[in-house]
Amino acid sequence: MGLEPMDDLERELRQGLLRLPAPPGLKRKIMARKRALDAEKTHRRVVFWQRLAASIVLCGAVGGGVTWHNVQEQRKGEAARQQVMMALRIAGRALDQVNAQLAARDSRQ
Amino acid sequence: MSRDWQPDFEQLVDEHQSMVFSLAFRMTGDRGLAEEIAQDVFLELDRNLGRIESPEHALNWLRRVAMNRSADALRRQRVRGMDLWVEMDENHGAIFEERTSPLGARVEGLLATLPSPQRAALVLRYQEGLTPDEIAATLESPLATVKSNLQRGLKLLRAKAESRLKEYIRGT
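As they're listed, the protein sequences go chains A and B. Per my numbering, numbering through the first sequence is continuous, rising by one, with the last residue being 136. Per my numbering, numbering through the second sequence is continuous, rising by one, with the last residue being 184.
The shape of chain B in the complex, shown without the other chains (with noise of 0.2 Å):
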């Protein structure tokens, strides 16, 4: 760990926002809020910057903090009575189609339907590409807990992409 490290703000918001927003996005479904959460992010990294000892652990900290504030930004919905849920089931395929691929968005759509704990474990598993160990790190969880949201969460999509298919195969 170099202590000689010094962080420049602007070159972590440049080389992370792409990171924190995707994080954001994928777990509210809400661009606009996802945006939020991302300078809320990037404003606590500024205030907590004399702490950050390294560039992977200014990285961990931004993924760690990032999901943190989208989970709180989800509870938050989820009290205040809107079923983000729903809104997601509905609306993120849609909102996808128009930036990504069909793959992307058919991915996208299908994640949106599953639980929280297990969206997070899965978009940090398959967007950053990070190991259960990793994940228990980044989400202060059990590693069996992430474990398990893994498993659940892909035997969960497994199942929902095979009834879309199915769907499909009727309607054609």
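Isolated chain A, as found in the complex (with noise of 0.2 Å):
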């Protein structure tokens, strides 16, 4: 098959199946087609990234709220940490006083 001569019915064939001329149109249709399907998909990717963007602000917004809410907690506690050592001073110097006035009655005494 393919070396063997060709007979009148394969020499009928090869000439009745020449290529057929494309239909009018057909190019400016899968152009057309194409360039829909590129603006589609132009589109789905700008829309991918203004998502992407939006996700990363969002994130941002959030990682950043929850660190400054950290921060002020942390903030906070400090304040609140240094009041407290400062009246454990204040009791300590008062207790210290009185401890002072006790030892001077008794010597008097």
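If you are wondering where the hints come from, they were derived from the structure by calculation, not from laboratory data. The reader is advised that the hints may include incorrect statements.
To be verified - Just a few of them, taken from the derived set where beta-carbon distance is under 8 Å, the chain A residues facing chain B:
id: 1; residue: GLU39
id: 2; residue: LEU40
id: 3; residue: LEU44
id: 4; residue: ARG46
id: 5; residue: LEU47
id: 6; residue: ALA49
id: 7; residue: PRO50
id: 8; residue: LYS56
id: 9; residue: ARG62
id: 10; residue: LEU64
To be verified - In silico SDA-like links for lysine to any residue, alpha-carbon gap of 25 Å or less:
id: 11; chain 1: B; residue 1: LYS159; chain 2: B; residue 2: ARG76
id: 12; chain 1: A; residue 1: LYS54; chain 2: B; residue 2: PRO19
id: 13; chain 1: B; residue 1: LYS167; chain 2: B; residue 2: SER153
id: 14; chain 1: A; residue 1: LYS61; chain 2: B; residue 2: LEU45
id: 15; chain 1: A; residue 1: LYS68; chain 2: A; residue 2: SER82
id: 16; chain 1: A; residue 1: LYS54; chain 2: B; residue 2: SER66
id: 17; chain 1: A; residue 1: LYS54; chain 2: B; residue 2: GLU68
id: 18; chain 1: A; residue 1: LYS56; chain 2: B; residue 2: LYS167
id: 19; chain 1: A; residue 1: LYS56; chain 2: A; residue 2: ARG71
id: 20; chain 1: A; residue 1: LYS61; chain 2: B; residue 2: GLU68
id: 21; chain 1: A; residue 1: LYS61; chain 2: B; residue 2: GLU48
Glycine residues also receive a C-beta, built at the ideal position from the N, C-alpha and C atoms.
Quick one: dock chain against chain with the hints and give me the complex.
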């Protein structure tokens, strides 16, 4: 098959099965569909990047908010600790004074 | 294989639209469907353009995808219950008579009566001038199957051509 000599039917097939001309406008339709698909692809890509950017901004905002809140809490905690320490120092000083006064009174007696 | 070759989609459409359309039309027998298949094949080519390495690769790729898409379309038609063979038998010759030579119309009419695997092998053999090995590669079928389809197809065509000739002689 293929190397054998062609008979009449095969010759007829070869002559009868020439490529047909493409319908008019086929190329135009293909190019129009390609353009539409490209535009859709570009649109989808833009929407994807927009969504990604929005997600990043949102994550940043939430993360920033959480961090800010934590920092504020830490500051408040530190201030409270400072206040407690100051109160303890004041109380300690007051106790020292009372102790000193009691010691002075004991020595007078 | 030249990696320097850059595929130009528009040029590929220009060069191969006739081949892709002819394959689809001769396989389906439906002009509208063939045009739709040709459009889909080229859009698929556009999606895979990065993988095409040479003009020969593009040609073989287009042939293979056009045949696959045509076979899919025939399968879908059969699933939907439309007997395309009967339609083709009745209409195929008439469609061609408008635009092709009497010889072309006669060949098309006979070809349309064959089962699709035999028609596919014969179209690739005589429209595209492929060897059985190339047909096997295009259809992704074993070589023995392709050779058998070519032989059976030719035998059937010969028988049909003879019976038509006898009918014609009886009629005159």
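Structure-based check of all given hints:
1. GLU39: GLU39 of chain A check passes; min Cβ-Cβ to chain B is 6 Å, inside 8 Å.
2. LEU40: holds (4 Å)
3. LEU44: holds (4 Å)
4. ARG46: holds (5 Å)
5. LEU47: Where the cut-off is 8 Å and the nearest Cβ of chain B is about 4 Å from LEU47 of chain A, the hint holds.
6. ALA49: Cβ of ALA49 of chain A sits 4 Å from chain B, so the hint holds.
7. PRO50: holds (6 Å)
8. LYS56: holds (6 Å)
9. ARG62: violated (11 Å)
10. LEU64: With Cβ-Cβ at 7 Å, under 8 Å, it holds.
11. B:LYS159 - B:ARG76: Given pair LYS159 of chain B, ARG76 of chain B holds - Cα atoms ~18 Å apart, limit 25 Å.
12. A:LYS54 - B:PRO19: Distance of about 17 Å is within 25 Å: holds.
13. B:LYS167 - B:SER153: Distance ~20 Å between LYS167 of chain B and SER153 of chain B Cα, so the pair holds.
14. A:LYS61 - B:LEU45: holds (18 Å)
15. A:LYS68 - A:SER82: holds (21 Å)
16. A:LYS54 - B:SER66: Roughly 21 Å between the alpha carbons, so the hint for LYS54 of chain A and SER66 of chain B holds.
17. A:LYS54 - B:GLU68: Measuring from Cα to Cα gives roughly 21 Å; hence the hint holds.
18. A:LYS56 - B:LYS167: Roughly 40 Å separates the two Cα atoms, so the pair is violated.
19. A:LYS56 - A:ARG71: holds (22 Å)
20. A:LYS61 - B:GLU68: Judged against 25 Å, a Cα distance of about 23 Å means the pair holds.
21. A:LYS61 - B:GLU48: Distance of about 13 Å is within 25 Å: holds.
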